[in-house]
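Work the whole structure out from these sequences, hints included.
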Amino acid sequence: MDFAASLKLIAPELLMSVSGLVLLLVSAWVGDKASRAISVAAAVVLGACFFLVAPAVCSGASGPDTLAFGGQFSADAFAGLAKLMIFAAGGAALVIAPAFFERFNAMRAEYPVLILFAVLGMSIMVSARDLITLYIGLELNSLAAYVLAAFLRTDDRSAEAGLKYFVLGALASGILLFGMSLTYGFTGTTSFEGIRVALNGEMAMGALFGLIFMLAGLAFKISAVPFHMWTPDVYEGAPTPVTAFFASAPKVAALALTMRVTLEAFGAQDDAWRQIVIFAAIASIVIGALGAIGQSNLKRLLAYSSINNVGFILIGLAAGTPAGASAMLVYLAIYVAMTVGGFVAVLMLKDENGNSVEAIADIAGLSRTRPALAFCLMLVMFSLAGIPPLFGFWGKFVVFQAAVNAGFVALAAIGIAASVIGAFYYIKVVKVMYFDEPADVVKGESDWAHWALLAISALAISPLGYLLTPWLGNLADKAAAVLFLGV
Amino acid sequence: MVDLSQYLPILIFLAIALGLSAAFVFLPMGVARLTGAHNPDAEKLSEYECGFPAFEDPRSQFDVRFYLVAILFIIFDLEAAFLFPWAVSLDVTGWPGWITMMVFLGELVIGFAYAWKKGALEWE
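Chains as they are written, first to last, in our numbering: chain V, 273 to 759; chain U, 3 to 126.
Among the hints, a few may not be true.
Which residues of chain U face chain V? A few of them, derived with a C-beta cut under 8 angstroms, are [as the list claims (entries may be wrong)]:
#1 Glu109
#2 Ala115
#3 Tyr116
With a straight-line cut-off of 35 angstroms between C-alpha atoms, the simulated DSBU-like cross-links for lysine-lysine are [what the hints assert, rightly or not]:
#4 V:Lys715 with V:Lys436
#5 V:Lys436 with V:Lys700
#6 V:Lys715 with V:Lys622
#7 V:Lys622 with V:Lys703
#8 V:Lys622 with U:Lys120
#9 V:Lys305 with U:Lys119
#10 V:Lys436 with V:Lys305
#11 V:Lys280 with U:Lys119
#12 U:Lys46 with V:Lys436
#13 V:Lys715 with V:Lys700
#14 V:Lys703 with V:Lys715
#15 U:Lys120 with V:Lys436
#16 V:Lys436 with V:Lys622
#17 V:Lys622 with V:Lys305
#18 U:Lys120 with V:Lys305
#19 V:Lys700 with V:Lys305
#20 V:Lys622 with V:Lys700
#21 V:Lys715 with V:Lys280
Treat the hints as calculated values from the structure; they're not laboratory data. For clarity, every value in this text was computed on a predicted model and none was experimentally measured. Don't be surprised by glycine CBs; every beta carbon is placed ideally from N, CA and C.
As structure tokens, this is what we get:
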């Protein structure tokens, strides 16, 4: 095995781990006054990794040249595209954090280090081609995420969110491990390639149980129904920049991982997992839509919205075709832009003392006091609802198209019907902002970094985003094709 | 079908382990009863569990620093658990195996240095 070639393939991960360790020591010796400098350094590292990964994505890298360490790790175009989204979301989480935490006097130098390690874990997750690599990446991400959820440690809700996330996350990891051990026991290998070969033909009952347990563990990580209960509580309790991070990057990583496990490792047994994915998709869409209706807190509303969106993304997986996988990637890219935009807008809602405003009632009449902010929030809400001509429509469109072409007309029809229910609460927020009497609560100002991020996300999800579709679709097609090489 | 007879050594090993541990528990009790004075009281009959009373309200407060020490202990305990299989298989894994373990140990040292600098090891 050529060690040098392997090390070259994991260059982004190496860069992140080494700089993460160095920044950890800096944070210990210099202390919290270096928080901003460490944030900048971490953002630079993520930017460098972005450019290290980009060439593989553009060239559609695949095949044996992308496999490192005897096939345990794959730096192919699929992993690359997911990594680009993860790095972008991680960078956004670094940019929006200092201003938020400094209000509580709680900005610590560990925050950027934890984000860096979480991103590293996710980057390993999406490149995993072996159950062991998968688990290491997942845990590295989760352990950093548990701490991040409880980062405002004097705040009861944040501590509660951290504890809840930890207990339920540990349970999900246990279920996943159990499924992995069953899969290993009945196939005799931990490599995705080997599992696929071993399961060609009949599938033993034990391997089926392994698959179901693994899917249950992964469904928790992507917060798909029926493993979604933690999402609203954790999203509401965690500090808003951390929530923005949770709703974007780990979703991409866990969904990409789910795609790898189902399409690569269990690709020969698609009938076995398809029913589960279809159930999770429909249940997520319906419960995400119905659950959001009664919410009065914007962060909880966005949590249900993310459950709802994961359901739509899973429709692409249910199709089980290259077009479906490509549609999922396109949807994920749009979803990241919408989520980051939505949470940045929520972060910018501050009262005169600079405290966060999260209640929907408090943003009444925002269009008269803060027209630009209200307009951006409206774009995000309409895009999440999938109303044309906004870009969120395109994500839903490609997913439904893939499902219909694969013969799942009923699934697509249920999805479309449920998205109408979902539109209700998105439009309710817009109605409150534009037609209600001003509550006059939002008075705080935001710095240029927030405005810049909000402007970028708003531009990406505006009708201008359609200019990106040929390019994004091409990248997603090339990335999705990697998963179907073994067929 | 799996040939279960090849697992016989494990079964024998488990039986011996069970027998030995039972002997370690009950032998001292028997010997003590036969040789020493036997006048039990409530304190003597209570379970011994690391200096804590075995049954009490779990919501009682105790020092969070115990947790810090426990967490650090687990990390370095697991490190030792990794070192044993690494040491006996070093002739197979060779230089890559050696370098990998040194990288792992280096990372743990960095974590240790962080914990030390942050004051996790200071009791007062």
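- [ ] Could you tell me which of the numbered hints above are not met by this structure, giving the numbers in increasing order?
- [x] 12, 19, 21
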